[in-house]
Amino acid sequence: MSNDVLVPKFAAFRSTIFAEMTALANRTGAINLGQGFPDSDGPPELLKAAADAVLAGRNQYPPLPGVPELRRAIAEQRSADYGTPYDPDTEILVTAGATEAITAAIAALVPAGDEVLVFEPYYDSYSAAITMAGAHRRTVPLRPQHDRFTFDPDELAAAVTPRTRAVLVNTPHNPTGTVFSAAELAHIAAVCRRHDLIAVTDEVYEHLTFDGIRHVPLASLPGMAERTLTISSAGKTFNATGWKIGWACGPERMVAAVRTVKQYLTFAGGTPFQYAVAAALPERHGWLSELRARLMTARDTLRDALTSSGWRCFSCEAGYFLQVDARSVGYLDGTALCQDLATKAGVVAIPSSAFYADTEAGRHLVRFAFCKSHAVIATAAGRLAEFAGTTKQREGAAPWREARRSV
Numbered sequence: 002m003s004n005d006v007l008v009p010k011f012a013a014f015r016s017t018i019f020a021e022m023t024a025l026a027n028r029t030g031a032i033n034l035g036q037g038f039p040d041s042d043g044p045p046e047l048l049k050a051a052a053d054a055v056l057a058g059r060n061q062y063p064p065l066p067g068v069p070e071l072r073r074a075i076a077e078q079r080s081a082d083y084g085t086p087y088d089p090d091t092e093i094l095v096t097a098g099a100t101e102a103i104t105a106a107i108a109a110l111v112p113a114g115d116e117v118l119v120f121e122p123y124y125d126s127y128s129a130a131i132t133m134a135g136a137h138r139r140t141v142p143l144r145p146q147h148d149r150f151t152f153d154p155d156e157l158a159a160a161v162t163p164r165t166r167a168v169l170v171n172t173p174h175n176p177t178g179t180v181f182s183a184a185e186l187a188h189i190a191a192v193c194r195r196h197d198l199i200a201v202t203d204e205v206y207e208h209l210t211f212d213g214i215r216h217v218p219l220a221s222l223p224g225m226a227e228r229t230l231t232i233s234s235a236g237k238t239f240n241a242t243g244w245k246i247g248w249a250c251g252p253e254r255m256v257a258a259v260r261t262v263k264q265y266l267t268f269a270g271g272t273p274f275q276y277a278v279a280a281a282l283p284e285r286h287g288w289l290s291e292l293r294a295r296l297m298t299a300r301d302t303l304r305d306a307l308t309s310s311g312w313r314c315f316s317c318e319a320g321y322f323l324q325v326d327a328r329s330v331g332y333l334d335g336t337a338l339c340q341d342l343a344t345k346a347g348v349v350a351i352p353s354s355a356f357y358a359d360t361e362a363g364r365h366l367v368r369f370a371f372c373k374s375h376a377v378i379a380t381a382a383g384r385l386a387e388f389a390g391t392t393k394q395r396e397g398a399a400p401w402r403e404a405r406r407s408v
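Per the numbering used here, residue 2 is the first one in the sequence shown, and the count goes up by one each step.
Hints are not guaranteed to be accurate.
Pair ranges (Cβ atoms, derived) [as the list claims (entries may be wrong)]:
| id | residue 1 | residue 2 | range |
| --- | --- | --- | --- |
| 1 | His286 | Ala183 | 21 to 29 Å |
| 2 | Asp305 | Ile214 | 18 to 26 Å |
| 3 | Ala337 | Arg194 | 43 to 51 Å |
| 4 | Gly383 | Glu227 | 49 to 57 Å |
| 5 | Glu291 | Glu253 | 33 to 41 Å |
Source of the hints: derived by calculation from the structure; they are not laboratory data.
Because the structure is a prediction, the values reported are computed rather than measured.
The beta carbon of each residue, even a glycine, is placed where N, CA and C say it ideally should be.
Start from the sequences and build out the full structure, keeping to the hints where you can.
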């Protein structure tokens, strides 16, 4: 028997870029702007509700679809925010984070051998989920246009083949920060209706939009409610990424199919957290207003420091991440830049090529996470600005530990 027992189709998924770069941050002591997790907790009321649920004995398996209180709260939120009604008993499924919802959805709704359209770059779990389902990935590129990433409607239309079954849509988008506009969503919806495709939408950053931009769910467009599974979670909404409380909303037949798969993945879990999120969702507005303001300040602090020191930054309309062009500081390869940033600037980032099937297309891009405290972002911004200056005279440039020993 071979020493390598991993099934060959999973060989490309041995280690995620997030684990690799976090390990690099730990080895070097650098500031970790790689993985997208906040460094502060969510609202105190949410945390207290979780603690109360634990102490009240809500620690056993919840119902497979999720606790009724949470399903009702999700239904009320979707209806109030977007005018998309869902029956909490038959059209909402609580999952172990959005990642499980996406994986179960692709497995349940896409037959082996069929195709899933994905906008590239894409979150790395999408490709793994498609592979696990025995399906095939087809990509539609997002490219910068006036510093905002978007797609060509003709390329989207041309990507559809007779084997295409679904389109996986992430808006607000990770890693580009794009929020698909009404016109962009209309193009996607038209392709779905024309070819009778289902849509699986990843909307985990739905509440974290900036500068007055509004998130519009694809399911709210004409003819899309009956063919769209909408996925979101509490992790990004409430700074509780470790709780892994997500959900899927959609037509009863689609939700039932996903539930069939989900019961053999995690079955159900996170009972006290489900009760806590159910209590927090109706009171979300004050917290989210504060969170958006903090994230915009962090984005602006980082972006302004980078652009003023020569980095090229792309537009960020939502989420946690700022995309930059490595070439603006003298690097053709984002991976090489990330390695040098860790050791010479004391900041860890993610090479965006990890989010591309065509790694050459994203080779020059790097992603910074700004979902951190003001002090962390200000320190990292200063280091990155100084690094940009040293790239002009790399010979003899001092490592960050020596150059910024007082930070």
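How the hints compare with the structure:
no. : hint                          : verdict
1   : His286 <-> Ala183: 21 to 29 Å : holds, 23 Å
2   : Asp305 <-> Ile214: 18 to 26 Å : holds, 19 Å
3   : Ala337 <-> Arg194: 43 to 51 Å : holds, 44 Å
4   : Gly383 <-> Glu227: 49 to 57 Å : holds, 52 Å
5   : Glu291 <-> Glu253: 33 to 41 Å : holds, 36 Å
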